[in-house]
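There are 2 protein chains.
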Amino acid sequence: MRNLSISLIIAFTIISCTEKKAVKEVETSTINKQDSTQIKTIFNASLSEGQAYEWLRDLTQNIGGRLSGSPEAQQAVEWGEQLMKDQGFENVRLQAIMVPHWVRGEKENAFYTIGNELSAVPICALGGSIATPNEGITAEVIEVKSLEEAKAKGEQLRGKIVFFNRPFDPTLINTFKAYGGCVDQRYAGAKTCGEFGAVGVIVRSMTLSMDDYPHTGVMSYGDIPSEQYTPTAAISTNAAKKLNEDLKTNPNLKFYFKQSCKTLPDAPSFNVIGEITGSKYPDQYITVGGHLDSWDLGEGAHDDGTGIVQSLEVLRLLKETGIQPQHTIRVVLFMNEENGTRGAKKYAAEAKLKKEVHVAALESDSGGFTPRGFSYDGNEENKELFMSWKPLLSPYGLHDWTVGGSGADVAPLKDGTITLSGYKPNSQRYFDYHHTSTDTFDKVNRRELQLGAAAMTSLVYLMDKYLDVQPIKK
Amino acid sequence: MRNLSISLIIAFTIISCTEKKAVKEVETSTINKQDSTQIKTIFNASLSEGQAYEWLRDLTQNIGGRLSGSPEAQQAVEWGEQLMKDQGFENVRLQAIMVPHWVRGEKENAFYTIGNELSAVPICALGGSIATPNEGITAEVIEVKSLEEAKAKGEQLRGKIVFFNRPFDPTLINTFKAYGGCVDQRYAGAKTCGEFGAVGVIVRSMTLSMDDYPHTGVMSYGDIPSEQYTPTAAISTNAAKKLNEDLKTNPNLKFYFKQSCKTLPDAPSFNVIGEITGSKYPDQYITVGGHLDSWDLGEGAHDDGTGIVQSLEVLRLLKETGIQPQHTIRVVLFMNEENGTRGAKKYAAEAKLKKEVHVAALESDSGGFTPRGFSYDGNEENKELFMSWKPLLSPYGLHDWTVGGSGADVAPLKDGTITLSGYKPNSQRYFDYHHTSTDTFDKVNRRELQLGAAAMTSLVYLMDKYLDVQPIKK
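Quick mapping for you: the protein sequence lines, in order, are chains H and G.
Take 64 as the starting number for the first sequence in my numbering and just add one per residue.
Take 64 as the starting number for the second sequence in my numbering and just add one per residue.
Chain H extracted, bound-state conformation (with noise of 0.2 Å):
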C-alpha cells in the first residue's frame, strides 16, 4: 500500500486535474455544440444534394486534360466564370497571367532489341523537355538510382542514355514522402546530366503502382547552357523494371526513342476568381482553391479538378447552409500549378500590390480521396486554436493534423500572418493515376469528394468564425 502523504498528493493533483479539466471542457462544449451542429448541417448538405460531383463530370469528360496554354484550358476557364456567375458568386472575374506553353506533339516512341526480341517501352515526354531530333536517338543506357551517382559517373554519362530507376519507398505510410524522395530525379535529372554529355535522359515513373502508365510531370534545366538540354522522358514502371533486368544480361543493348515536343512563346491565360463578401470584414480575405490547369495525359481528375470542383462546393454549401461569413471567402482557381505556378505568384502578388488583408487560405491539391486531415502553416498564436478544432471533424474521419505545408498555390501568400492550410486526404490510390492517362472521372468516388468538399467548408467555416484578424501592417 503506498503510504499516505502520496495518497493525498494524488488525490489532490486528480481533483485540481480534474477541475482544470472540467473548465476547459465547458469551454470547449460551448464552441462544440453550436459548431458541431453547423459542422454536421455541411456534412448533410455535402453528401445529400453534393454539386462537386457532376461538377467535376463536366470538366474532365466534357474539356479533359487542360495543360497551360492550350484550347482545353481556356475552355476551363470559362467553364469556371460560367459557374460561378451560375451560382451566384459576386466579384467574378479573370485575373490574367502569361503563361509557359509546352506542347507534347505526336505520341511518343520507344524501343530496345535484345536478339530477336524487341521491347516496346511505354514512354512520355516529361513537361519542359525539348525533342529528340526527327529520327530519334538510339544509345546504350547507363542506370543510375540517384542525381549524386550521374554525377560521380561524370564522362561516362558522354553519349548514352542515363536511365533514372530509384523506386519509391514502399515502406512510407504518406505516399507523399515518397513521391519526395523520388522526383528530384525526374526534375533535375536532365540538368545533372547536361554538362557530361548525356544524349538522353528516361525517368521511372513516380508511382508505387507496377503498371504500364508513364507518368509525366515538369522538368527543367535550370541554368545549364541550352546546348547542353537533353531529351527527357518518363518510362512506365513495369518497363522501367524489365529494362533493370535486361540491362543486367545485356549491358550494351541500345535503346531507342523519340518524342516532338517543344516550347512555344508564353501564352495569355487567367486564373478565374469569385467571392461571398464578408458581412463584418469585407476586404479581408479568406481563399479557398485548387488549380485548373492540369497535364496532357488524362482528364486531370484527381490532379486537380477534384481540388477545383470542392473550392466551388465550399463557396456553394457556404450558402446553401445559410452561413454569412465575416470576411470575404473567394474561391480561386489557379491556372498553371503543374509547370510554372504563374497564376499562384501573380495571385499574391497582387493581393501584396493592392495591401490586401488576407486571413487565410486553404489549398486542395491532394486527390479527392476520403478526408483524412488538414496542414497548419502560421503563426504560433494560430496553431492552438487550428488545432483545437480537431475534435469537431474527428467524427468525419479527420484525425491527421499536421504542422507545416500548404500547397504550391496558396504558398506565395505566406507572410507571418496568415494561416495557411493543405486539405489532406487519404494518399494510398493518389500516385496510381497522377500524371498518367488513367487520372479520369472513373477514378473518383462520388462520396470520398463530397466528404472532402464538406471538410474543407467546415474549416473554411470555423476559420472565418475564429481566426483573429491581424491586418499586415500598411
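One thing to keep in mind: the hints can contain errors.
If several chains are the same, the list does not tell them apart, and a pair holds so long as it fits within one copy or across any two.
Said to hold, decoys possible - Simulated pairs of lysine-lysine, DSS-like, Cα-Cα distance not exceeding 27 Å:
(1) K418 with K453
(2) K506 with K408
(3) K254 with K325
(4) K506 with K240
(5) K103 with K240
(6) K103 with K208
(7) K343 with K311
(8) K506 with K304
(9) K528 with K304
(10) K96 with K240
(11) K317 with K214
(12) K170 with K343
(13) K240 with K453
(14) K148 with K240
(15) K148 with K417
(16) K325 with K417
(17) K96 with K170
(18) K418 with K170
(19) K528 with K418
(20) K382 with K528
(21) K208 with K408
Hints were generated in silico from the structure; no laboratory data involved.
Place chain G on chain H using the hints.
Leaving out everything else, chain G in the frame of chain H:
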C-alpha cells in the same frame, strides 16, 4: 493578474499533472518502443513484399465467384488448403460442413412498357428466392418504403409486385450504418408480403451508388408457409429511381420479371484451417479469418477475398518477421457466411465440444480498403488494454477504435471471456461493389490491402503478447 494562491494551486497542479503524466509516459514508452519497432517491421514487410495481392489475383481471377455449394467454392477450398501447406502452416485441415445450395439459373429478365417505350430493368434474384413461373410474372407495382408500410397496405398487396424503395441514408458517415438501416427490406420483404398475396417482391439495391448493377444478397422466407413464398429480386438504383418516377405518372404500369433460381439439397463443403503452434500456450487459440464463399455475380474480391488473403497473410507475416507467438494462431477460411454462416456455427460448436480455450478472434469482412481501426467486443477487463494499443497503430491511420461488434464468422465464439474484434477499413466505397458483378480484383488497391494485412498482423501480435489467458471453466 490572478491572485497568488490561485497561481500556486495552478502551479502545483501543473507540476503534479506533469509528474503523473511522466510516470504514465515511462510505462507507455517501454511498451511502445519494443512494440512500435515490431509493428514497423510488420508494416515494412507487408508493404515491401506482401503476398496478399497476388493471392487475391489468383483467387478472384482464376476461380472467381464462389457461392456455397458451387464447384468454384470447392476449388477455393482446395486453393486455400494448398496455399496453407505451401506456406508451411501447421495442422492444415478441412472442417466438414453441409451448406445451403442455391443456384441462380439463367440470367434474369425484367422490363415494363409505357406506351411504346420499353424500359429494361437490371434485376437479379436474391439468394434464397424461389423462381418465377416459366412464363415470368406480370403485375402492377405497389411501392413502399418499409416493412411497416407494406404491412399496413395489407390486402392491397394481393396480386401485386411489391417494390421496396427506401434508399440508404447518405448523411451517415459510416456506410455500414446506412446498410443496416435498409437491409431489412431485402432480408424480410418477401416474408412480410407473403401473407397478403403479393406475387413478387423487388427491392432497391443496397448501395449508395447510382448505377445499373443489381446487388444480390440473402433473403429469407422465415417461417411462413411455402405457399406464401414470392419470387424476390433486387433492381439497380438507377432503375429504382426511374420506376419510382414512372409510377407517379403511370401508377398502373405492368412490370414483368422472370427468374429461374432454385434451392437444391444441402451440399458438403468445408472450412479451411491452418495454424502456427503457440510456444507457450499451444492449446489456447487466437483465430483470424474471413469468409471463403462469395456471391456468384462478381469475383468476390472485396467481399471477402480481401479478408481471406489478409488472414492468410497474418500468419505469413508473423513467420516472415520472426514472431514466435505464445498462443496458437489459427487462420480460418470460413465457408458459407453469405447465406447460412454454417461454417461459423460449426467452428464455434466444435471449439465448444472440444473445450478449446479461445483467447481472441479477429475477422476481416468489411472490404480491402485503407485501415481506419478495429472494433472491440469482449469483457470490461480487457477493453482498456485493447484500447491502449491505439497509439501504436495511429501512425498507420488507425484512429477509429470502437466498442461493439466483430464479424458474423467469429461472433459465435463469444462466451464472456474471448476478445472479439472486427477489422474496420474505410467504408466509403464498399457498397459500390458489394454483392454485384463489379466486385472484381481491379477494384482492390494493392497498398490499401497490404496496409490492412499489416494492421491485422499487428493486432494479432499485440493480442498474443498482452491478452490475459482466461480459461473457460471446464
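We went through each hint and held it up to the structure:
In this homomeric assembly, K418 and K453 never come within 27 Å of each other (Cα to Cα): the closest approach is 32 Å inside a single copy and 47 Å across copies. Within a single copy, K506 and K408 get their C-alpha atoms no closer than 30 Å, and across copies no closer than 39 Å, so neither meets the 27 Å cut-off. For a Cα distance limit of 27 Å, the shortest separation of K254 from K325 inside one copy, 17 Å, qualifies, whereas the shortest one across copies, 69 Å, does not. Proximity of K506 to K240 under the C-alpha cut-off of 27 Å is found in both arrangements, the shortest distances being 22 Å within a copy and 25 Å between copies.
In this assembly of identical chains, K103 and K240 lie within 27 Å of each other by CA distance solely across copies; the values are 16 Å between and 32 Å within a copy. Taking identical chains as interchangeable, the C-alpha atoms of K103 and K208 lie at most 27 Å apart only when they sit on different chains, with a minimum of 25 Å there against 49 Å within one chain. Proximity of K343 and K311 under a CA criterion of 27 Å is satisfied in neither setting, with 68 Å inside one chain copy and 48 Å between copies. Both within a single protomer and between protomers do K506 and K304 lie at most 27 Å apart by alpha-carbon distance, with minima of 25 Å and 24 Å respectively.
Proximity of K528 and K304 under a CA criterion of 27 Å is satisfied in neither setting, with 52 Å inside one chain copy and 40 Å between copies. Taking the shortest Cα distances, K96 and K240 sit within 27 Å of each other only across copies (23 Å), while inside one copy they are farther apart (37 Å). For the identical chains of this complex, K317 and K214 are intra-copy neighbours only, at 22 Å inside a copy versus 77 Å across copies, given an alpha-carbon limit of 27 Å. For the homomeric pair K170 and K343, neither the shortest alpha-carbon distance inside one copy (54 Å) nor that between copies (63 Å) is at most 27 Å.
Taking CA atoms no more than 27 Å apart as the test, K240 paired with K453 passes in both settings, with 23 Å inside one copy and 23 Å between copies. Proximity of K148 and K240 under a CA criterion of 27 Å is satisfied in neither setting, with 39 Å inside one chain copy and 38 Å between copies. Only within a single protomer do K148 and K417 lie at most 27 Å apart by alpha-carbon distance; the minimum there is 24 Å, versus 73 Å between protomers. Taking the closest pair of Cα atoms, K325 and K417 never come within 27 Å of each other, the shortest separation being 36 Å inside a single copy and 75 Å across copies.
In this assembly of identical chains, the alpha carbons of K96 and K170 never lie at most 27 Å apart, being 57 Å within a copy and 53 Å across copies at closest. Within a single copy, K418 and K170 get their C-alpha atoms no closer than 46 Å, and across copies no closer than 68 Å, so neither meets the 27 Å cut-off. Only within a single protomer do K528 and K418 lie at most 27 Å apart by alpha-carbon distance; the minimum there is 22 Å, versus 61 Å between protomers. Within a single copy, K382 and K528 get their C-alpha atoms as close as 15 Å, which meets the 27 Å cut-off; across copies the closest is 53 Å, which misses it.
When the C-alpha separation of K208 and K408 is checked against a cutoff of 27 Å, the pair qualifies neither within a copy, at 33 Å, nor between copies, at 54 Å.
Checked against the numbered hints given earlier, the structure breaks hints 1, 2, 7, 9, 12, 14, 16, 17, 18 and 21 and satisfies all the rest.
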